[in-house]
Every structure is written in C-alpha cells, then in structure tokens.
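Novice: Each chain, written out:
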Amino acid sequence: MSKMVELRILRQEGPNAPKRWETFTVAFRPRMNVITCLQDIQKNPVTKDGKTTTPVAWDCNCLEEVCGACTMLINGRPRQSCSALLEQLDQPIELKPLTKFPLVRDLVVDRQRMFDALIRVRAWVPIDGTHDLGPGPRLNPSVQGRAYEFSRCMTCGCCMEACPQYGAGRAFIGPAPMTQVELHSMHPASAMHQEARLHAIMGPGGLGDCGNAQNCVQVCPKEIPITDAIGDLGRQLTQQFAKDFFGK
Amino acid sequence: MSEPRFIVVGGGLAGLMTTIKLCEAGHRVDLFSVTPVKRSHSVCAQGGINGAVNIKGENDSPELHFVDSVKGGDFLANQPLVKGMCYAAPGIIYLLDRMGVTFNRTPEGNLDFRRFGGTLFSRTAFAGATTGQQMLYALDEQVRRYEAEGLVRKFEYSEYLGSIRDAEGVCRGIVALDLRTMAVQAFRGDGTFLATGGPGMLFGRTTNSVVNTGSAAAAAYIQGAKYANGEFIQVHPTAIPGEDKLRLISESVRGEGGRCWVPRKKGDARPPREIPDADRLYFFEEKYPRYGNLVPRDIASREIHDLCVNKGLGVDGKLVVYLDVTHIPAETLDRKLGGVLEIYEKFVGDDPREVPMRIAPAVHYSMGGLWIDYEAGTDGFPKVGSPRNHQTNIPGLFAVGECDYEYHGGNRLGANSLLSCVYAGILGGPAGASYAKGLKGLSADLPSGIFDEAERHWRERFERIRKMSGKENPYILARDLGETMNANATIVRENKTLKETDDRILEMMKRWRDINTLDTAGWGNMPVPFVNQLWNMMELARVVVLGALHRDESRGSHYKPEKPQRDDANWLKTTITTWSKDGPQFTYDKVDTSLISPVARKYD
Ligand SMILES: Cc1cc2nc3c(=O)[nH]c(=O)nc-3n(C[C@H](O)[C@H](O)[C@H](O)COP(=O)(O)OP(=O)(O)OC[C@H]3O[C@@H](n4cnc5c(N)ncnc54)[C@H](O)[C@@H]3O)c2cc1C
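Protein chains in written order, with the working numbering: chain A, 1 to 248; chain B, 1001 to 1604.
Errors might be hidden in some of the hints.
Cut-off 30 Å, straight-line C-alpha distance, at most; resulting in silico cross-link-like pairs (BS3-like, lysine-lysine) [unchecked claim]:
hint, chain 1, residue 1, chain 2, residue 2
1, A, K3, B, K1471
2, A, K3, B, K1602
3, B, K1563, B, K1496
4, B, K1510, A, K43
5, B, K1471, A, K43
6, A, K43, B, K1499
Part of the chain B face toward chain A, derived, beta carbon under 10 Å [said to hold, decoys possible]:
hint, residue
7, N1110
8, R1145
9, V1210
Hints listed in this document are in silico derivations from the structure and should not be mistaken for laboratory results.
Note that CB positions come from ideal geometry on N, CA and C, so glycine has one too.
Let the sequences and hints guide you as you build the complete structure.
Specialist: As structure tokens, then:
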C-alpha cells in the first residue's frame, strides 16, 4: 500500500457558522505540497472516517510563492501552502485559516485591510503622467538592490499574523505597509513625497504601535528586512517630528 | 448628461494599464477581478520586458526589435501593431522606471539589459528575476492612487460571466458573480474591456496560475466574439515537473549564460557533475551556433522533444534535459536570477548553483485569443485614439493582454508579453474613450430590461449548476481534459490524434451534464463557479484542437510531422473561429504583411 498523508483541517462554512475539524488522508507522492493535498480532496471529498463532505475552500493562484494568495496556518506557522512541501512537515498536518483577518470560509480570509493600509500610507509614485517624459533618474545599483528587497512584499499577511500588536479591534496598520513606506523613500521621485507618508504613520495605528517583538521578520517568506525598515522609519519620523515642530 | 462609465475585467498588467489610461483621461472605471488584482497571474513573469534602448552600444533599434518579433512569430502577426509596440517599448520601460519598478542597474546607474530568446541583442530590462511582479505592483500602485481619488471602484472576488448586449448587439455591460455572496449582478458600462489573461488551465498542469482558465474569453466567444489563432499554444522548453504545477525556469537563465545539455551516451547514469565536457551534448549550441541556447521557444521545445522522445537521449530516459548554470559566479546568479533559482531550490530541494537543473517543456502561453481590430495610418503605425483599436467584433467589447490574439503571430518571443500587455492598455484605453464619445446614448440611461434579463439568465444557470447531483467529479473531469490536451495538442500534432481528441472533448461535454457539484452552499462556494468555467474551457479546447486539425502546415508553435513545412501559399492567414450550436466554425483572414515580406525563418 502506498504511503498516506493525514491532514486535519479547521473548517467553518461562513463567518458566523460553527467551527469543526475534519481529517483527511491522501496518497503521498514525492515533492507534494499542501496545495496538492487540497486538490486531491477536491477530487474525493471524503473524510478519513468515510464521511462525504464538501471540498475545502482555500485561496491560491500562482503556486510558486509570488502572489501571496495561499497563506494559511500550517502546523501553527503562517506560510504559503504552495511552498509547504510534505517532506518537510510533521504529520498529521494541521491547516487553519489566518486568525488576524475576518474569516470568509474554511481557509479563506479577507485581507482587504492590508490593501486599505496601502492607500493610507500613499504607497505610490505620484508620476506626472504616462506620456513620454524620457528616461527616469539614474540610480545607484546598491540602492536598487536595497529597494528590491522591499518591493518583493506580496501582501501575503504572514508578518501581520505573527505581529502581537496587529489584529481585530486594534488600530495598528501592521508591519507590511511599513516596508512600503520604506521602499518609497528610496525612489528619487517618490522620496520627494515621503513627508505625507510619514505623517500617515504618525499617531494612532502608526509606527508607534509597534511593540518591537520582531516576529514579523522571522515569518516573512521573502526574508524582507522588515525590522530594518521599522528602525529606519523610526529615524525618519524623529527627523520629521523635529521638522514639524521647528519648521512651522 | 451623465458621463460614460467603463468596465475593465481583469487586473493583470493589461487591465491595470487600461485602467490607468482611462483614469488619466478623467474617466471612471469599475475594475473586476477574481483575485485581488495585486495577486494576478502577471506576478509570475520572471525574466523581463523587451525594449530596444540600446544601453549596451550594440546598435540595437526598435526597427530590429520589430523584425525579430515578426520573424519570431513566423510572419503570422499583423505587422502595424507589432511595429507600434516595438517603437513604443523604450518609452514604456522608462515609464515603468518612473513608476518605481526596481529594474536592475548598470554600474553607471543606467537600466541594465540582458539577452533573451530569438534575438542577438541585449534588449530585455529586468528586475531581478521577478520582473512581472515588480511591474504589476507598480501599476497596482498607480491604480490605487486613482482608487483613493474615487475614480476606480474595485470588485475583487468577482467573476465575469458574460456581456450584456442590446438589441443592436452592442455591449452595454456585464454580469458578474460575487464569489463570496454568490450574488449574480448586472453592471452597466459604455466600454467593456476583457483583460482576463490566457487559457493555460485547458492543459491541466502548466506554468500558468490556477485562475488562467480562459473561461472569460470563452464566454465572450460563446456570445459571438470571434476567437483567432486559437491553435497557437506556446510550450516553454524549460520548466520543473511538479504534481500541482510545472514551475517555469525563465529563459533569462539562458540569457545570462545558462547552457542546456544531455549526456552524449544514451543511459549514461553518472551524476551530472561527474560527466566531463567531452561527454556532454550541448545540443542547442551544436545545432544553432548563432543563437545557441537562445533559439525561440517553439524551436527549443521541439528540439528537446526530438532529442528525448525520438532519439532517447533524455536524462534517465525521460523528457528531461539539464539546464546548467554552475559555471556562472554565485554572486551574479543571486543578483540577476535570484527569484528563479530560489523557486528551483524551494520546490526541488537542490541548489542550482551547485547542481545542473533538470527541466522539461511545459505549456506556457497562448498566442491565440479574442479577435480584435486596429486602425493603421499610412506610416504603418497604429493610430492612437482610433476606437477600432483592440475592439472585438462585438461593438463596445474590447480585449487586451494575453486574452487577445495580436502581436505574437505563431510564436511569442520571450519578454514580449509584458510589453504587449502594457502596450495594449496604452492603445486600448484611448480607444475605449473615443468609442464611448461616439455613443448616442449611455448605458446608464437605458431601460433596465436587458440588464434584468441578463441577470435572470445567469441566475437560472447557476441555480441549475448548484443542483447538479450526477456522478462526475468536476475536478476529475478537468484533470482528464488537461491530460488529453497536454498529450495531444502541444509540441507535436498528428491529424488522427487531433480528431480523436475532439471526440474525447465531446464525450467530456456529455460527462459534464452528469456532474455532481459537491457543494450547495450559498456562500463562498468554489465548485459552482468552477463547473461553469469548465464548460467554457471545453468549448475553448475544441477551438484549439480543431484549429490545429484544420491548419495543414507547420508554423511557429504549431507543428505537424505530416506537413513539416510552412505553407505561405495556403496558410499565411489568421484562423477565425465563430461559435455555433453545431460546434466551432472556421474562416480565415488575410494577415497584414505590408511592412516586412515573409522569408524563411532561420536561426542556425
Ligand atoms: C511563469 C511565467 C513567466 C512569464 N515570464 C514572462 C516574462 O519574463 N516576460 C514576458 O514578457 N512574459 C512573461 N510571461 C507571460 C506574461 O506573464 C503573461 O502573458 C501576462 O502577464 C498576461 O497578463 P494579462 O494582463 O493579460 O493577464 P493576467 O495577469 O493573467 O491577469 C488576468 C486578470 O484577469 C482576471 N480574471 C480572469 N478571469 C476572470 C473573470 N472571469 N472575471 C473576472 N476577472 C477575471 C484575473 O483575476 C486577473 O486579474 C510569463 C508567464 C508565465 C506563466
């Protein structure tokens, strides 16, 4: 008989529905990931004890850890299910939805709050227009290299899940948007507008709410130096406070 | 007087660029997407975007880019659009740079460029090896800026089901399904853009993302939009075999010096690093001394197929070859290819800096798509602002991006798709705006009849699907479709097998009627929309298969051993497919080759 994989999945049919655990077994194949298991369950939605159920709902798209969609708690850790290879996981594998976002169904949550935060911090370059204005500014390759580390944030929510200060009922916008404020301070044109972003992260919900637990940087699948961004933004804010205070 | 409203379906590069162009002109846009737009498939693009900026002093020019692209497409592309795209390319790269795309730099701080397939020039700008992700994020940010200003309303987790056409056949809006509440709702629009990407999932496991079902384009086709060149499906030569997906190893790896090889001796079981150079067959370099590892993808995939399947030289006797970068300094690899090599390392477990990668061909891209019009001037360039640009044969319905059929002819050159997606938005946005200006009445002022009727139609269909309680599992049916298509309609196509494949699709369409939808919930139900998509996928699969059966020649990605040559006398024409109750109907259109005359396509 072929090797089997066992999964325990926390299920919930909607935000107000009761939670329940279901256990499934699927046949193991080399290099399988958690997504493959969920796909197998779709093809045969029957629990370990033979009960027919509905396929598990989960979010996914690219399956190569660049879209950020398939984030969930796998054996307690927030991560993408596409890059969670079975060979590296203890069994039974436990799947739960992220807890810091409103639940939609089963493993699907609503991360809209993260996108809203990107509006709040004005994470864009206010370009003059899309018409031809010739080449952009020259850029030091090392600045590009540094910016690139932050521009890979895929809004997946791992850092938000791990952050003790972030969650329902709290104002803190969380670590991920901070990386984008930092990113925009490195682009020559965008940096001209950093003041507005710094004002957006002053006060309630802003950088001051960070408790310095440093969990964020440990769970980031792209190894983004989030705590460096937070440290640097702290310095930028100090300067901005001084400017606001003396400048007026 | 009310203002026109626009609908953009799809928030990949093409949809976002279209949205930006419309908003810049002061218009309001409703943007629909099944995923949050920032998670669109465009994030997958690794290698880069083409534009003849000539940073490397190689005397590159937009004209040479144009020539390479037309030749790369085996002369099947309408040339004015390709010309417009190639000449716009340097400006597009500058624009993206101004928007903050973290493109790699030269030591002097200029944009850096690398080699890609089908050209001898360093013409590809790149941001590490996650160029699509970086580009999508930059456009996403610009759209968010317009969202903050109130010009864009986003409808994410919302699926396009079909268009709403008035008595004259003009598209007046869409019907969308809210994937959480499962509500079916009509939206009015004066210009509607489909920017819904490619149909990779027809082939099951591919390099594509899971939402790339082609279902939206297929729905438009079923409603009367013409579909063009559907048989042209690109198979990428280098991907990692996987259980859920065939993850791409970008052409940029070869652009940076990666070399493909197999052991010269059949069955040589030595580990790759122990096989000395003399015992390795660098098959591309031997056969194509000029282009080497960077021959266009159609040629490269056929070569690998021939080597492994016909000659039995594949690694371990399989359809697998080595892609080797172990001779390139690790620092260069990390700086220029980090993102791709990381994927290999994460998903295979070996470090490609140390061990040659094992790769295989995989379905990757569709050159075919919804038929669109364009208007060219006497200078050979498309006329920006003409309402004909990117408009389908359904008035008011436009298509942009991978879901349209233009720009790439019979085979797309690497790094030309990110470009064509952005260019499509640049051309499409203004086309939509001029179209709406010419409208006599806006959809907001129409009586509700056609909208109510469309809602009713789709509600009933979804109610029927929800109640389907037959014996077929939809996901197993989709797997069977993918396996059949992958086995029979990709690198090598035989007439007999194509015919059998169509018969099998017809059988699957019967099986579809006996589906068990598995879930009756009225909230966040995944199987219900999937069952609807699956039907559309099968309709589209027939377009691909029968288009291939009819095209009795070999051109670009379409290769028939029975007719191995290109046949310009009979087949230098665009395949046009129209939906009918009795199956797809085929007609053919002239290709505009007014700027470059077709010649033999050689890369050796
Ligand atoms: C792995 C990989 C690597 C690649 N690398 C490169 C490269 O280096 N260079 C290059 O030029 N090209 C590359 N390509 C090709 C290129 O990425 C794609 O062709 C391009 O991104 C397609 O963009 P798009 O805007 O047309 O569609 P997509 O990015 O696919 O977006 C489609 C959008 O439509 C939405 N959608 C789909 N259906 C519906 C519906 N029914 N209702 C509502 N919304 C819907 C989706 O949610 C999404 O927002 C690569 C492709 C792959 C697969």
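Novice: Indicate, hint by hint, whether the structure satisfies it.
Specialist: Evaluation of the provided hints:
no. : hint                : result
1   : K3/A <-> K1471/B    : holds, 28 Å
2   : K3/A <-> K1602/B    : violated, 50 Å
3   : K1563/B <-> K1496/B : holds, 13 Å
4   : K1510/B <-> K43/A   : holds, 19 Å
5   : K1471/B <-> K43/A   : holds, 12 Å
6   : K43/A <-> K1499/B   : holds, 28 Å
7   : N1110               : holds, 6 Å
8   : R1145               : holds, 5 Å
9   : V1210               : holds, 6 Å
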